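Chemist: Construct the complete structure from the given sequences, taking the supplied hints into account.
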Amino acid sequence: MMNNFFITSFVLVACFCVVWTRASVVSTGDFNKDFFVTWSPSHVKTSADGTNRSLILDKDSGSGFASNDMFLFGQFDMQIKLVPGNSAGTVVAFYLTSNQPNRDEVDFEFLGNVPGQPYILQTNVYANGFDGREQRIRLWFDPTKDFHTYSVLWNLHQIVFMVDWVPIRTYRNHADKGVPYPRRQPMGLQMSIWNGDSWATSGGKVKTDWAEGPFVASFRNHKIDACIWKGNPRLCRAQSPTNWWNKDSFSSLNWAQRRLFRWVRKYYLIYDYCQ
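All the letters of the sequence shown, read from the start, carry residue numbers -23 to -1, 1 to 252 under mature numbering (1 follows the signal peptide of the UniProt record, and there is no 0).
Hints are not guaranteed to be accurate.
Said to hold, decoys possible - Derived DSS-like pairs (lysine-lysine); straight-line CA-CA distance at most 30 Å: (1) Lys243 <-> Lys154; (2) Lys243 <-> Lys58; (3) Lys243 <-> Lys122; (4) Lys200 <-> Lys10.
Simulated from the structure, these hints should not be mistaken for lab results.
These figures come from a predicted structure and were not determined experimentally.
Modeler: As structure tokens, this is what we get:
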């Protein structure tokens, strides 16, 4: 029964996404062309054709890379395969950030664990420099066995976090009620792997075992379907065929997405800052 429910809802959501995400892809699919290495180039490995990239963490350093462009609204997809084996203490991050003192930021953070215990996916939203909006879920699959697609849809109405097109979290724009919302600062897309053993696993009780390293996270099939920041926010807020994310149909989840969202909340949510 649950499998039928999940498959039916997933197919409807996937079809909905495919229909609307072809208009304005601004990425090339080549990591060398779309991103630059932000730190520790020796710990970043890219395939000859630029379509696959790995980040390495060892006792000497983590590593990361970031998009060449900044964006104001759009959808951002990345296929990621997480660190296998004993990943306790490690953090893999896929996020948007404005890199300002009062920054806006939208985070996927994957918190490693000991063998036999699941990865924890933490999401967070910074708005005008304020955070404290963490949510945590368990995933319904082993994210170390294969690549899975992690996505952020960001528009004037909402931010939607998705895993394989399943919405796991929404953050609504309630700026009219005094709740900060990322809507003015352009953000770049960044990926990183780093040592977070002061907090990431069991509240910092389990430390990174460097004898298990190096720790490797792999990335492929990135797609950036977004408005490149050129200094004029009106270009990114306009309703147009290119800015498909601004359409009314993306101002809230559709009924199939709501079903999947409730399913995730019921069975996989383990922490919500609002509760």
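Chemist: Look at each hint and say if it fits the structure.
Modeler: Each hint tested on the structure:
1. Lys243 <-> Lys154: 28 Å, holds
2. Lys243 <-> Lys58: Roughly 25 Å between the alpha carbons, so the hint for Lys243 and Lys58 holds.
3. Lys243 <-> Lys122: The given pair, whose Cα atoms are some 25 Å apart, holds under the 30 Å limit.
4. Lys200 <-> Lys10: With Cα atoms ~13 Å apart, Lys200 and Lys10 stay inside 30 Å; holds.
The structure is consistent with each of the numbered hints, conforming to all of them.
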